[in-house]
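Protein chains: 2
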Amino acid sequence: MSQGLRIGVAGLGTVGGGVVRLLASQADILEQRCGRRLELAAVSALEHDPELDLSAPRWFDDALALAADPEIDVVVELIGGADGIAKTVAEAAIANGKSLVTANKALIAHHGLELARAAEAAGVELCFEAAVAGGIPIIKALREGLAGNRLSRVYGILNGTCNYILTEMQESGRNFAGVLQEAQALGYAEADPSFDVDGVDAAHKLAILTSVAFGCPADLGAVHVEGIREISAIDIAYAAEFGYRIKLLAIAAKTERGIEQRVHPCLVAKNAPIAHVDGVFNAVVAEGDFIDQAIFEGHGAGRGPTASAVVSDLVDIARDNRLPAFGVPLENLVAHPLATMADHVCEYYVRLMVLDQPGVMADIAAILRDESVSIESVVQRGRAPGDVVPLIIITHDAREAVMGRVLGKFGQLEVVIEPPCLIRIETL
Amino acid sequence: MSQGLRIGVAGLGTVGGGVVRLLASQADILEQRCGRRLELAAVSALEHDPELDLSAPRWFDDALALAADPEIDVVVELIGGADGIAKTVAEAAIANGKSLVTANKALIAHHGLELARAAEAAGVELCFEAAVAGGIPIIKALREGLAGNRLSRVYGILNGTCNYILTEMQESGRNFAGVLQEAQALGYAEADPSFDVDGVDAAHKLAILTSVAFGCPADLGAVHVEGIREISAIDIAYAAEFGYRIKLLAIAAKTERGIEQRVHPCLVAKNAPIAHVDGVFNAVVAEGDFIDQAIFEGHGAGRGPTASAVVSDLVDIARDNRLPAFGVPLENLVAHPLATMADHVCEYYVRLMVLDQPGVMADIAAILRDESVSIESVVQRGRAPGDVVPLIIITHDAREAVMGRVLGKFGQLEVVIEPPCLIRIETL
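Those protein sequences? They're chains A and B, same order as listed.
First residue of the first sequence: 1, per our numbering; consecutive thereafter.
First residue of the second sequence: 1001, per our numbering; consecutive thereafter.
It is worth saying that the hints were derived from the structure and are not from the lab.
Accuracy of the hints is not assured; some may be wrong.
As the list claims (entries may be wrong) - For lysine to aspartate or glutamate, the following EDC-like pairs were computed, each having C-alpha atoms within a straight-line distance of at most 20 Å:
#, chain 1, residue 1, chain 2, residue 2
1, B, K1254, A, D397
2, B, K1254, B, D1292
3, A, K409, A, D397
4, B, K1254, B, D1219
5, A, K270, B, D1198
6, B, K1270, A, D278
7, A, K270, A, D356
8, A, K87, A, D219
9, A, K254, B, E1114
10, A, K270, B, E1171
11, B, K1087, B, D1053
12, A, K254, A, D278
13, B, K1270, A, D356
14, A, K409, A, E331
15, A, K87, A, D62
16, A, K409, A, E347
17, A, K254, A, D219
18, B, K1087, B, E1051
What the hints assert, rightly or not - Residues of chain A clear of chain B, computed beta-carbon distances all greater than 10 Å:
#, residue
19, G4
20, R33
21, E39
22, E47
23, D73
24, G84
25, L113
26, K140
27, R150
28, F242
29, D292
30, I295
31, E297
32, S308
Using N, Cα and C, we set each Cβ at its ideal position, and we do this for glycine too.
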């Protein structure tokens, strides 16, 4: 029997606690599968669940000291945050010749490339399966399982909080604010929800996915990001009427104009598989020239699924599998041209809140005509003369820059009494 | 740059042709991803698509000679069949110190263990990602991505032909025979469809999945197998009425009584994710203690997806990843106790074709009472006095052995004029 893999865990929050529990409860099967033991050798944390059994591993008050300990082979960084102590510990672990496993999407989205360079120079591994889509082994799938494909598009539901909120809005007919409050009470949303509901979390994950899928350096700044705060119950109801559901998608696509990275709410056809991914579930769809399409679905967060992903990286390391962090050896990473959002073309759903009075439709139609945007349908249900009603427009394909001008002109109409709401229709 | 990986392909049918095309069209990205070239060095086949470009590889009339060629590192066996030349070539390749990649589910289900033993002794790899679920990287997911979990159940739609037929029956209301004929005309079903529609193909795949999921030797003989020939349009319509869809599932489950392996039609709740997997698509659901549930969906057959799976194995080999064929080193494979089908417990859907006359329901209810099977519901729609009508029974949980006796007694009733149709309800 080979020597055990000596693991140091820095950070014992939800995920760290899950990793400690998993390593304890699955010690036997992990040893069977890897042919060697996965030993929790050391831990470090500012605070932790008092019920966690920490009698075996050595305790470090200082995570940096843990990262320097010569009796540790792998450091698992579960502290969180793009910079600060998480980054320092990650760098120190690699500098000290230890492989690094992390669930930290912000760290990888911001500093993944420099960490991978350091790891390559040190001859150690950098692994981050847990950083994207929790328990779904999507990094492995893209980097290994689908490695024979030229991927054309990778997209998914990468934020369970948003998907939970949108699903609840769909099922209950309630509005965003009320459902968010409930999600906070249930622990599905943070007290400060902006990281989730404004799309930032999904953008971090998308930047990583894009890098692995297309073999280019992660570029968080190139991600177009919109959240779900502006989605109303009206939009969900109208989308349903037109045969769609509303999902916050994170999309990386190879276009003739370069690589697109976008996080924004989308109307997706009801019969698309991803339209049925509800609640806190995540899903990723990979489209490639030989597989056509493969879909991966599971829990995108939570103690168990994320610990499962962290440990899958440890299993790879224990088996001495050496895998390129971003799908290709770093020397082969190529910065592809980036497509600007202004040139993105799709169909659009636009909701205007208008005063119900004669001539509104004519004004709106004239603006669309002047910008050469074709209308697929316009709906204004019900009458409320002199009162405010929603007016829904579905366009044919149009350029983003053009739609920006159209929305500006809509907003200037006196009869339009709220900023227009635009949702892109994604063809899946 | 390392030396290229020299590949010999034996068998140039649909999948072999796909592999040749993939290696040619993706040569650049494969080299980028692996850090070395994947070279098609040699081929052998009885016949092949004349449009296939075979100008570069050496040609062998005899696949055994290819398997012995010292200038080849890996043999890809795509001949097919559990025995005969496919097995001989596989054994020869391994004996000659070459890794073996195969898409041959029958070969692995029957002889996987002895091939893995030979490969381990020879220090080469045995890979068969393409043998199960085509383009879905499910072997990798179970063996690596979910390796931190104790899996409790793995189930899926593993035969696209059956799923296509059942989907068409569902959507058109037509019966099995007509839809099968159409599927044959479209090339979705073979002239002799029994391998698919009788569940044999799914059973091969399930035996492999079970082995990888639970770390036990594949045991094809332990799989309970039923096909879809007995499913009628009536069953699909009634299932829908009760909130179900009918799918041919392949299920491996760890129960208190041992490991269950079953391939049979199931009623699955309409809101289960797998209920929405339609047409020729395959899907696999893995349930484990840390991930809860992960779902993998994609094309289960066809040239492109299967070639993608074959090449993912070649990528692993090119990257020098050494992975245990069945999820654990062979010395750690454990033959778990097997659960007998007679002890399986579930709810059942039973359809009887009965003469519409007084007293039928009383006879049926008495039989169920005598065997202590509780009824969830009984439905006999419409009246046709003296004529034949379907009578549908949904039971509460009952043992398979008991239901066998119940069905025998039903069959003896004079008013029952066709053999009863029983479909298990799978709780997902």
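Against the structure, the hints come out as follows:
1. B/K1254 with A/D397: violated (51 Å)
2. B/K1254 with B/D1292: holds (15 Å)
3. A/K409 with A/D397: holds (19 Å)
4. B/K1254 with B/D1219: holds (15 Å)
5. A/K270 with B/D1198: violated (33 Å)
6. B/K1270 with A/D278: holds (14 Å)
7. A/K270 with A/D356: violated (30 Å)
8. A/K87 with A/D219: Status holds; Cα separation ~18 Å.
9. A/K254 with B/E1114: Distance ~44 Å between A/K254 and B/E1114 Cα, so the pair is violated.
10. A/K270 with B/E1171: holds (17 Å)
11. B/K1087 with B/D1053: Roughly 27 Å separates the two Cα atoms, so the pair is violated.
12. A/K254 with A/D278: Judged against 20 Å, a Cα distance of about 27 Å means the pair is violated.
13. B/K1270 with A/D356: Violated, at roughly 42 Å.
14. A/K409 with A/E331: violated (48 Å)
15. A/K87 with A/D62: Roughly 14 Å separates the two Cα atoms, so the pair holds.
16. A/K409 with A/E347: holds (18 Å)
17. A/K254 with A/D219: holds (15 Å)
18. B/K1087 with B/E1051: violated (28 Å)
19. G4: holds (15 Å)
20. R33: violated (5 Å)
21. E39: Holds, because the least Cβ-Cβ distance between A/E39 and chain B comes to about 15 Å, which exceeds 10 Å.
22. E47: holds (23 Å)
23. D73: Consistent with the label, A/D73 stays out of reach of chain B, its closest Cβ about 17 Å off (over 10 Å).
24. G84: Holds, since 28 Å exceeds 10 Å.
25. L113: At roughly 16 Å from the nearest Cβ of chain B, A/L113 sits farther out than 10 Å, so the non-interface label holds.
26. K140: violated (5 Å)
27. R150: Given a closest Cβ separation of 6 Å, the condition is violated.
28. F242: Non-interface label stands for A/F242: nearest chain B Cβ at 20 Å, farther than 10 Å.
29. D292: Not fine: 6 Å to the nearest Cβ puts A/D292 too close to chain B.
30. I295: violated (4 Å)
31. E297: About 4 Å separates A/E297 from the closest Cβ of chain B, which leaves it inside 10 Å; violated.
32. S308: violated (4 Å)
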